[in-house]
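Trainee: Spelled out, the chains give:
Number of protein chains: 2
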Amino acid sequence: MAENDRLDAVLAQLDAGLDAALERLTEFLRIPSISTDPAHAGDVRAAADWLCNELRGIGFDATVRDTPGHPMVVAHSQPGGGRRVLFYGHYDVQPVDPLDLWDRPPFDPVIEDTASGAVIRARGASDDKGQLMTFVEAFRAWKAVHGELPRGLTLLFEGEEESGSPSLRPFLVENADELRASIAMICDTGLYADGRPAITTMLRGLYGEEITIRAADRDLHSGMFGGLAANPLQILCNALAGMKDATGRITLPGFYDGVGELPAELRSDWQDLGFDAAAFLENVGLNTPIGERDRMGLEMVWSRPTFEINGMSGGYTGEGFKTVLPGSASAKVSFRLVGDQDPARIKAAFQDYMRAQVPADCEITFTPHGGSPASRMNISDPAFGAAKQALGEEWGRDAVYIGSGGSIPIAGDFQDILGMDSMLIGFARDDDRIHSPNEKYDVDSFARGARSWARILAALA
Amino acid sequence: MAENDRLDAVLAQLDAGLDAALERLTEFLRIPSISTDPAHAGDVRAAADWLCNELRGIGFDATVRDTPGHPMVVAHSQPGGGRRVLFYGHYDVQPVDPLDLWDRPPFDPVIEDTASGAVIRARGASDDKGQLMTFVEAFRAWKAVHGELPRGLTLLFEGEEESGSPSLRPFLVENADELRASIAMICDTGLYADGRPAITTMLRGLYGEEITIRAADRDLHSGMFGGLAANPLQILCNALAGMKDATGRITLPGFYDGVGELPAELRSDWQDLGFDAAAFLENVGLNTPIGERDRMGLEMVWSRPTFEINGMSGGYTGEGFKTVLPGSASAKVSFRLVGDQDPARIKAAFQDYMRAQVPADCEITFTPHGGSPASRMNISDPAFGAAKQALGEEWGRDAVYIGSGGSIPIAGDFQDILGMDSMLIGFARDDDRIHSPNEKYDVDSFARGARSWARILAALA
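Here the protein sequences line up with chains W and Y, keeping their order.
Those letters in the first sequence? Residues 203 to 663, by the working numbering.
Those letters in the second sequence? Residues 203 to 663, by the working numbering.
Next up, chain W with everything else stripped away, as it sits in the complex (with noise of 0.2 Å):
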């Protein structure tokens, strides 16, 4: 058979085999590992054993490996072929509450006829274990079809990312040999807004800081040292207010150092996106795009760095009002970042900025969380024009290279730890409600993610 009738026969093969994979996900949706509540821990297991098991039955070489926390899934096919790819997943699932605003148990899941078509409903059908799936019934299909599984793959799935990974990092240090590939495939993103195929090839970095400025022992009485004692919310809305210009600019010395122009490449393609600030601002009741002048809403999102806070909280916040002048204020702030800003540089300009707005007889104290820098991929790598002309076959429509405000720690992971880009492709779509009651997958969501992934082996091998 030539290369394009063998990928035909994957693409029949996974078509002819959708009803037996939508009963595979079910049994899989069964599985309440909620990797969060310590009372799922054997369910979180009994995942990872599925998985492993399916794995086994189509020719993996794959073991549940322990770590401290939940285990991890890994599997290998047979070396050789060309390039090494690693491909990720998760199968834990968020907490299901509020349970009572589910229409069925989240755990008993059914493929339901919708308006906009057929979806399966449980928690986990979109984040993770149906987007997972779409790698596991390609590998299936490839291997029905070529009598073997695509040569040089390692999966690697894990129980812990709605729980923070704690254990990833460690993981891949310790397997970094084991793991390393040229290139990883992440199924963990959606399609962009309007159904297009997408790949995610930047992703904002993220420094958070936590500030609590204290002044007074004590809480005192407003009437008793008002006008004398300073105040720390009033030092800390000062300090805050002072982060950015009237143009919504970011005040800091030094802190759009390396953040550098959109490539006329992606500014193309995200034009081409056609995407709507204020459109998009209405669907949270609001209108009006604040920050930077002159920048696409898109940039602002994707490729611009922010400022925001996060959290603050001062004095006295119950019912009714006490004349209190709080002894102590906090906040919680973040900045998203992006090109080549430095965390490390940020946050020393942060807290020197912070330090200096704060009178000598108050006191401040900083608690990081988090700093890590953006993520930009190498889309002159041949594997990322492929992928993409891939996607565009099966979806019918040109795929869109596009970016992620938020930052996806897997991606920085993986750079860091193991040297190599990835690519987050994924077929989730915005009304799939992840981390909410009612969470759905479209079946065609499925079924065309699963040929999505045989084109790109096919592109690949």
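Fair warning: there could be bad hints in the mix.
A pair counts as met if it fits within one copy or between any two copies, since identical chains are not told apart.
Said to hold, decoys possible - Each computed EDC-like pair below joins lysine to aspartate or glutamate, with the alpha-carbon atoms no more than 16 Å apart: (1) 524 with 412; (2) 446 with 494; (3) 446 with 350; (4) 446 with 314; (5) 549 with 596.
What the hints contain is simulated information worked out from the structure, not anything from laboratory work.
Using the hints, position chain Y against chain W.
Mentor: Positioned in the frame of chain W, the structure of chain Y alone reads:
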């Protein structure tokens, strides 16, 4: 007998009767009249009954008067004499929690010898049963010497002062003719810091406001929306930072209208007090006065207006970190007002200012809390000079007119509803631990307090 001899006789009578007076106070303090705790409602009434009986015993026409809350005790001496004088105190006390921080039961009073003299220790000893009884003992001794009470006195003792006085204003309105006098004597304040006798003649007013800014209709993911969506905490910080300029001056248009400069007599009195703002702040772990430059410390707390943030909350404030972009944020703020500042105009100016800080697609709501102008007593009324001189004679050092940074609502209520000024004279000391465990009142305060009132009664007669 000449007037002077009679006063000496009253003072001698008070000295001779001190032990018996302390016995009576002890009995009064045994009644746990905690007004905020419904379980103690019977005790509050018992304290009212006890007081009413005491007053009848020395010749007052005294009654316990029901209100929707705890009762008032109202008493009258024979009409006639010079000007009518109203005496005010309160017979309810603060709760005693945390009980384990008391060295002995709070309602089992004892006289203790301490390094600074004998004290009577119990909840309410200073606030306000001991102070209130300085009136009663002065009247008793007066009666013993003169054969009758001073004429034209009205007594009003409240049982809800520690729970916000909900029944007071309606009671004043309904009984205005019965209660109106030419001046009120309120015994619920203290000696000046160094033990100098003082009459409080200026009280700051108060206007409080709770502000809520709503942006998105939910908390947003700062990765998805950060850079585009309005952050209500940032809006609030910017707005509250703009309330003061770099010199600490409040920037609201018209804010300083009606503030005025301190009269020369008060300035000289206050300078004479030798207040050391830095030392005052050192008691609470600070050392540097904030606020307007070139103002005396006492001016800052007594006769200059303030703006303070009393509480602030929004976004994620729990353990760890959530990169949320909050849907809403709130602050509680208050202004201390002086001179002729008009709470209604300042409220309008503040709300206008805040509204102007909020983008059109966000919403701001206000919940006002209180709005009372400052009170200034007319110290050209000769009663002030007479009382000041009487206090000076009793305490052996010049009495002084002072201010109060806090608001004492009863003084404003007497001005508003009964059209009379108040003389706030009290004998509490800074270390009396009012509202705290191990409250005490100096026996010296009690004894010389009663003697002070005897002198003031004589001076006003």
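Trainee: Are the hints correct? Go through all of them and say.
Mentor: Hint check:
{"no.": "1", "hint": "524 with 412", "verdict": "between (25 Å within a copy, 11 Å between copies)"}
{"no.": "2", "hint": "446 with 494", "verdict": "within (10 Å within a copy, 26 Å between copies)"}
{"no.": "3", "hint": "446 with 350", "verdict": "neither (58 Å within a copy, 74 Å between copies)"}
{"no.": "4", "hint": "446 with 314", "verdict": "neither (48 Å within a copy, 59 Å between copies)"}
{"no.": "5", "hint": "549 with 596", "verdict": "neither (44 Å within a copy, 63 Å between copies)"}
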